[in-house]
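**Student:** One-letter residues, chain by chain:
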Amino acid sequence: MGDPVAQLAIDGLTVGALYAVIALGYTLVYGVLQLINFAHGEVFMLGAFGGLYAARGVLPGGDGAPGGLASVGLVAIGIAAGGLAGAVAALGLERAAYRPLRRRGAPRLAYLISAIGASMFAFNLAGKEFGRQNVPVPDLFTNGTLLRVAGAEISTQTVVIAATALAMLLAVDHLVSATRLGQSIRAVAEDAECATLHGVDVDRVIVAAFVLGGMLAGAGGFLYAMTFNASYTMGFVPGIKAFTAAVLGGIGNVRGAVLGGLLLGLVESFGGYLLDAAYKDVIAFAVLIAVLLVRPTGLLGARLGRAA
Amino acid sequence: MGAPSRRLRLLATTAAVAAVVAAAGCGGDGDDASGAKKAYAIGFQGPLSGENQQLGINAYNGMLTAVEAFNRSGAQPFTLRIVASDDQGVPEQGPTAAQKLIDVPDVIAVVGPVFSGPAKSSEPLYSQAGLLSVSPSATSPQLTDLGFTSFYRVISPDTVQGAAAADYLAKALKANRVFSLDDRSDYGVGLSASLEKALRDQGVTVVHDGLNPTKDYTSEATKIIAAGPDAVYYSGYYAEFALLVKALRGKGYDGEILAGDGSNDDQLIRQAGARTAEGVLLTCACGDANSDPRAASFVAEFKRVNSGVRPGTYSGEAYDATQAIISVLTRNGATATRTSVREGLRAVDIPGVTKRIKFDERGEVSDSTVYVYEIRDGQRVVLGPTSTLTKP
Chain A
1 MGDPVAQLAI DGLTVGALYA VIALGYTLVY GVLQLINFAH GEVFMLGAFG GLYAARGVLP
61 GGDGAPGGLA SVGLVAIGIA AGGLAGAVAA LGLERAAYRP LRRRGAPRLA YLISAIGASM
121 FAFNLAGKEF GRQNVPVPDL FTNGTLLRVA GAEISTQTVV IAATALAMLL AVDHLVSATR
181 LGQSIRAVAE DAECATLHGV DVDRVIVAAF VLGGMLAGAG GFLYAMTFNA SYTMGFVPGI
241 KAFTAAVLGG IGNVRGAVLG GLLLGLVESF GGYLLDAAYK DVIAFAVLIA VLLVRPTGLL
301 GARLGRAA
Chain B
1 MGAPSRRLRL LATTAAVAAV VAAAGCGGDG DDASGAKKAY AIGFQGPLSG ENQQLGINAY
61 NGMLTAVEAF NRSGAQPFTL RIVASDDQGV PEQGPTAAQK LIDVPDVIAV VGPVFSGPAK
121 SSEPLYSQAG LLSVSPSATS PQLTDLGFTS FYRVISPDTV QGAAAADYLA KALKANRVFS
181 LDDRSDYGVG LSASLEKALR DQGVTVVHDG LNPTKDYTSE ATKIIAAGPD AVYYSGYYAE
241 FALLVKALRG KGYDGEILAG DGSNDDQLIR QAGARTAEGV LLTCACGDAN SDPRAASFVA
301 EFKRVNSGVR PGTYSGEAYD ATQAIISVLT RNGATATRTS VREGLRAVDI PGVTKRIKFD
361 ERGEVSDSTV YVYEIRDGQR VVLGPTSTLT KP
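Quick mapping for you: the protein sequence lines, in order, are chains A and B. Per this note's numbering, numbering of the first sequence is gapless, rising by one per residue and ending at 308. Per this note's numbering, numbering of the second sequence is gapless, rising by one per residue and ending at 392.
Bear in mind the hints are in silico, worked out from the structure with no lab data behind them. The beta-carbon is built from N, C-alpha and C at its ideal position, and this holds for glycine as well. A couple of the hints might just be wrong.
To be verified - Distance windows between CB atoms, simulated:
hint, chain 1, residue 1, chain 2, residue 2, range
1, B, 390, A, 293, 55 to 63 Å
2, A, 237, B, 392, 42 to 50 Å
3, A, 3, B, 378, 34 to 42 Å
Claimed, not checked - Which bits of chain B does chain A cover? Going by a derived footprint, with three or more residues having C-beta under 8 Å, they are:
hint, segment
4, 208–216
5, 222–230
6, 233–244
7, 262–272
Using the sequences and the hints, build the whole thing.
**Tutor:** Printed below as a string of structure tokens:
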């Protein structure tokens, strides 16, 4: 193989797109609540298991991976089930760990603690239910080199992940900027009280933000597990990375999360190759700190919808 | 009033909790009805949870097989029970897990630690307590050089495995360029160092890299492929190796992929996927009891005790380690102490299911055969000992 630049770029963008998908969940919730949902990584993990078991359940028996339309269908089922599981998990989280506190007007710190508690509960429950070994997603298609671009080998799996992530990112961007729900979300993000006066149901909008973020994280979890296998602890590191991506781009800013995710993926990919793969995380966080020193609100600035 | 009575109540509560914990620790199946016989406990230390738990469970089941068979025979004036202590396979948990066993007075010896990292952190405690530990599987070479007085193992150190693997790479696979990657654990570093030294001695070009378990091997795979090796050898455990294999094959790497004993488990096939794992080679200073006719009765007994499960990697070794301890206890009868068992182990010479169990003065087992396994159609198949595979 020749120059690995193209390869590293493609790998970085692929994992970065996943970070972006997860980061959107942080950003949406932050937008409406001005809170970091620290249990978001667990939503991602539960989505991965949801998708995995759904795919395994409908996978026809026999040797070899299915092909053609069956593969497309299976992947779609996995992604949809992952999204559904993530949405349900996020909904449950909002009901159990956030809403009761919101009703009582609890201080910020209480939300943080209750989210961490919910996170521990979720991953320990998952460890008990799904086992503490890594669990692979079954082969839903024959993975191999699909195309070669500038010396980079692009596998079928990479295409599936990147295409799905891209589609989701575009859909969310459209939803937030051009639909009625998006308008409500932006209104609540800007000024919750004022939005209420204008007839926006804030509770509903908050639930919508959680569900939307959960769906993205769940589907992202399934995509992530196709490459890295699922395990009950899988939510932690990608959760932190996505949080980093969200802050890097400007927390609360949808396009910022996408930019932050892609950038983080690229930095990790090249950094891991040029220095040492063990320094990957160090490089990622060094970049974050450097950016925040220069631009404390992130690259595109905080705030959903419009600049603060 | 107040303080003293409260302290008393606290004491009573503590005692009650301790009693409950102790009872729970014994397990439900201890029938104390016999009463007359002396009851010894043998400790077990290994990963019973965590992502590499399968190797610990394999070993535990092997130990259980030996203990159950012994208790059923009833020929001796004592009975045995197991006290298990989970170290999750990580060094930080080692001392706690070891102390738990040391604190149980009737634990007379320990089978374990299963992994090298926890062994290194636990052995100072065992040596200090004078409690014998016989590891079925901790292969880091330095373990017998650190002055531990109560450490024995029934598996060869990785100097032996590394040299045999190098031999196999150079002579049987005719590799000119090998990429050696370790997981930076005590086990991985020991194995990769031994392998690389032996490879260089054979005139093979070696590219070394160390990488803590990371899950994401995409950029590492790019790096490996860019280095253009004929073979990749991973010194680490199966949960990570499975992901490395996936990343390498996903990028179209078509050279040989090998790993050491820590990756030698069916979980590798499950986690990497049978198709992806096809053709992966594994080296291990352990034979496969399932395909060894001499171990047939062990396999049958193992399946009986463990509800049909086949022995896995280290099951036979743990069985042998337990048998070695039992043979000393048998000689001591009802008067065994931690000291007498520790000293008695030096004289053990029994035919085990994996090899002849006999130790040198450093605590190493004398037999040193290393086997090569290949994954074929989703199964681990023994190709044979390296000594025969490398014959021209």
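**Student:** Against the structure shown, which of the earlier numbered hints fail to hold, in ascending order?
**Tutor:** No hint contradicted; all consistent.
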